Amino acid sequence: DTGVSQDPRHKITKRGQNVTFRCDPISEHNRLYWYRQTLGQGPEFLTYFQNEAQLEKSRLLSDRFSAERPKGSFSTLEIQRTEQGDSAMYLCASSRATGSSMNTEAFFGQGTRLTVV
Amino acid sequence: GDSVTQMEGPVTLSEEAFLTINCTYTATGYPSLFWYVQYPGEGLQLLLKATKADDKGSNKGFEATYRKETTSFHLEKGSVQVSDSAVYFCALPNQAGTALIFGKGTTLSVSS
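Chains R and Y supply the protein sequences, listed in that same order. Sequential numbering from 1 applies to the first sequence in the numbering used here. Sequential numbering from 1001 applies to the second sequence in the numbering used here.
Among these hints, one or two may not hold up.
[Stated by the list, open to error] Pairs of lysine to any residue residues, derived as SDA-like cross-links and limited to a Cα-Cα distance of at most 20 Å, are as follows:
1. Y/1060 x R/107
2. R/57 x Y/1094
3. Y/1060 x Y/1043
4. Y/1052 x Y/1081
Bear in mind the hints are in silico, worked out from the structure with no lab data behind them. Keep in mind it's a predicted model, so treat the numbers as computed, not measured.
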């Protein structure tokens, strides 16, 4: 098992452009999470999937953000009409969990660093 | 709402020094508590956890005890190494148990 992988690792884009990030979770992990981390802050929850269903979205996830997990495996996070405030590290995590418990370990990818210029 | 407060860094220590990174939390009930570590250029990794009051989580020489009386989960290590240089995050689940709430992180720098 190679862990959670994210692609790309870095992305520089011009304001107003759309960007898409990909996350491949650990195989057979049913939960997948997206977080955003800005400089000097801890990760902030954006959204999570249980299999292919998106079950929760944070208030941080504006209408310009959309996430999918079409077959319950990899996930994509798209940001439309990027703004400079979107510059951050976008982290993906996965876990094998049952019920609503977060007692099981979440495994994180290395993140995608987005810079909007 | 639920939250986590960590001591601000950076924390700068010499090798073999004693480490404490304070973490206090506000939560409904008694959630599990976690410490994650982020080494330079790597993703967050679970360092240790405690699932109920008075539990002690431990790993790689690090320890933290779940103290409900003081709502704290301080991270300690008796003798730090240069390789412990990283950012440390305290975390707990949100009320729904669906995601983690992280502190702002504490940067530890250990010199030889």
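(message) Hinted pair, alpha-carbon criterion (20 Å max): residue 1060 of chain Y, residue 1043 of chain Y. Please report holds or violated.
(response) 18 Å, holds
(message) Check the hint pairing residue 1060 of chain Y with residue 107 of chain R against an upper bound of 20 Å on the C-alpha distance.
(response) Since the Cα atoms of residue 1060 of chain Y and residue 107 of chain R sit roughly 18 Å apart, the hinted pair holds (cutoff 20 Å).
(request) Measure nothing beyond the straight line between the CA atoms of residue 57 of chain R and residue 1094 of chain Y; if it is 20 Å or shorter, mark the hint as holding. (result) Answer holds: residue 57 of chain R to residue 1094 of chain Y is near 13 Å, not above 20 Å.
(request) Measure nothing beyond the straight line between the CA atoms of residue 1052 of chain Y and residue 1081 of chain Y; if it is 20 Å or shorter, mark the hint as holding. (result) 29 Å, violated
Going down the numbered hints, you'll see the structure goes against just number 4.
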